[in-house]
Structure formats: C-alpha cells, structure tokens
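There are 2 protein chains.
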Amino acid sequence: MPKTKILASAQDVENAFYEALERADLELMMSIWADDEEIVCVHPGGPRLIGYVAIRDAWRRIFENGNLFDIHISQLSKVTTPFAVMHSVLEEIRLRSKADLMAPVTATNLYVRGAMGWRMVSHHASPVPPLPTETKSEAPKVLH
Amino acid sequence: MPKTKILASAQDVENAFYEALERADLELMMSIWADDEEIVCVHPGGPRLIGYVAIRDAWRRIFENGNLFDIHISQLSKVTTPFAVMHSVLEEIRLRSKADLMAPVTATNLYVRGAMGWRMVSHHASPVPPLPTETKSEAPKVLH
Chain A
1 MPKTKILASA QDVENAFYEA LERADLELMM SIWADDEEIV CVHPGGPRLI GYVAIRDAWR
61 RIFENGNLFD IHISQLSKVT TPFAVMHSVL EEIRLRSKAD LMAPVTATNL YVRGAMGWRM
121 VSHHASPVPP LPTETKSEAP KVLH
Chain B
1 MPKTKILASA QDVENAFYEA LERADLELMM SIWADDEEIV CVHPGGPRLI GYVAIRDAWR
61 RIFENGNLFD IHISQLSKVT TPFAVMHSVL EEIRLRSKAD LMAPVTATNL YVRGAMGWRM
121 VSHHASPVPP LPTETKSEAP KVLH
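For the record, the sequence lines run as chains A and B. Here the first sequence is numbered in this note's numbering, starting from 1 and rising by one per residue. Here the second sequence is numbered in this note's numbering, starting from 1 and rising by one per residue.
Hints are computed from structural coordinates only; laboratory data are not their basis. The beta-carbon is built from N, C-alpha and C at its ideal position, and this holds for glycine as well. Keep in mind that a hint or two might mislead.
[Claimed, not checked] Here are a few chain B residues that face chain A, going by a calculated C-beta distance under 10 angstroms:
id, residue
1, 26
2, 72
3, 83
4, 85
5, 110
6, 121
7, 125
8, 129
Could you put the whole structure together from the sequences, leaning on the hints where they help?
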C-alpha cells in the first residue's frame, strides 16, 4: 500500500480513513493510525478505546460484521498547527443494504505529523440530532 | 481574571475549563476558548457547535439552567505536539441536587498555543457505557 502517498498530509490520512471505512479494509484502516499507546477512538455510542491494539481489535470486529457503509462527509471545520491538524466533520452514514436509513454523526479527527509522516491519533464520533436542527443558536440537549 | 496564569499550559486551560463548568462561570469559560470561527464544541447528545459566538451562546443557556455539577476527571490519555495538545478524559458528572445520578462521558479536548498563549479549540463530549464496561477488548456498540 502506498503509505508515502496516504500519509503526505492530514487530508490524505482522512481520505484514506474514510476509504478504509467504506471498504471495510482493516489493513488500510490501521495503516493510517499512529502506532501509539495514547491514541484514542470513540465509536458512536461505544466505549472509549485507547491504544493501537484496542483500536485495531474494535475495527476488526466492526468489519467482520460484514456491513458495508456509504459515508458522505461534509461541513469540515479545521484547526491547523505545524505538527497537528484537527478536522471536525459531519458524517452521513448509510448501510448499503438499507440506504434509506441515515445516521448523522459528528466526528472530531486529530492528525499528527511525526517521523513517519501524518497519522491519525484520535477519532471521536458521536450521534448528533438530524442536520436541520444543527444551528448555531440552538440550545444543546446536554448535561453540561 | 489572571489569564496569564490559566493560559500558561494546556493543562492549565483544562483545569480552568472544568472549574468554569463546576462554577457555571460563563466569563471564565469563554476566556479559555480561542476566539476563532473554527472552534468546535459538542455537548453530550447535542448538536455540533462551531465558532466562538455559537459556543458562548450554548454555555450561557446551560449555565442559565441553574444546575450545578460536580465533575470528576479521570483516565487521561494525551498526545502532545509543540503547538497543540490533545487530552482525552473521562468525566463523571453529578448534579449537586442529585449526587446519586452519575453520567459517564468521554471528552476529547484540544488545546492550541497561539500568540495569546494556550486556548481550547475543541471540546467533544459524548456519553459512554458505564465505566466497568470500558475494556480494551470489548466490541463497541456502533454503526461504524
């Protein structure tokens, strides 16, 4: 796999991340994560997973379910620094077997540039209310 | 307010963030966020909020509810770069009026160092299963 290509920028890592997710490609997925004990992955409604081994194990279980998803990414907000880039995106996830079911999710993705190029170090995804209700003036439904 | 003190490091910003949350102190809360249109805040179960104005408005509404919380932060995982630091924490949030009710939340907090010192640029909080179920081998309950 052309790691030199997919790790050339934070955006390239993000593109590969969602490509791996749509293809249920575990090797591609894990090639874009930093091999680090501090990396974090939170799947929608799931527990917080820490470290490369735990994160790989969770993706393996997800991909083994055999479901294939179509994912539309939109509304990018980003913060860029020399060695770290944060992307906040909205994910519209559709099961290919049930394309009429769409789950809106917001994901905060963090990428860090290291000796090996750019890698994902954090993916935090959680369900959000349907998109029409996402407005800057709406009161959040929250505990805090 | 001693901004020079609370903005001296990412950890200092995080300490001030949770202090502001426990005190329902809107001015302290907003003093630790970057004044930027790209900053992101996701409250548990709420919509994604982008930009200083929207984030301030949401915190104002939350604090105006009059609820006071006790928050216990634990299980920090962090990724550090020269200009950006990511903290992943577990928040145990208790309403002071109902201390027996605890909502476990995981939060991904991103801090960036700029000309004005360290500021929060992203806070993504979402509910997680009860802590005992958070193990590195558990299959996440997820769409993806």
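Checked hints:
A hinted interface residue such as residue 26 of chain B counts as satisfied when its beta carbon comes closer than 10 angstroms to some beta carbon of chain A; here the least separation is about 13 angstroms, so the hint is violated. Among the interface hints, the one on residue 72 of chain B is violated; its C-beta lies about 13 angstroms from the nearest C-beta in chain A, farther than the 10 angstroms criterion. Contact between residue 83 of chain B and chain A, as hinted, is supported at the beta carbon level, the nearest pair being about 4 angstroms apart and thus within 10 angstroms. The beta carbon of residue 85 of chain B comes within 8 angstroms of a beta carbon in chain A, closer than 10 angstroms, and the hint placing it at the interface holds.
The interface hint given for residue 110 of chain B is met, as the beta carbon of that residue sits about 5 angstroms from the closest beta carbon of chain A, less than 10 angstroms. Given hint, residue 121 of chain B at the interface with chain A, holds; its Cβ is 5 angstroms from that chain's nearest Cβ, closer than 10 angstroms. At a threshold of 10 angstroms, the smallest CB-CB gap from residue 125 of chain B to chain A is about 7 angstroms, leaving the interface hint in force. Hint status for residue 129 of chain B: holds, given a least beta-carbon distance of 5 angstroms to chain A, under 10 angstroms.
When the structure is compared with the earlier hints, violations turn up for hints 1 and 2 and for no others.
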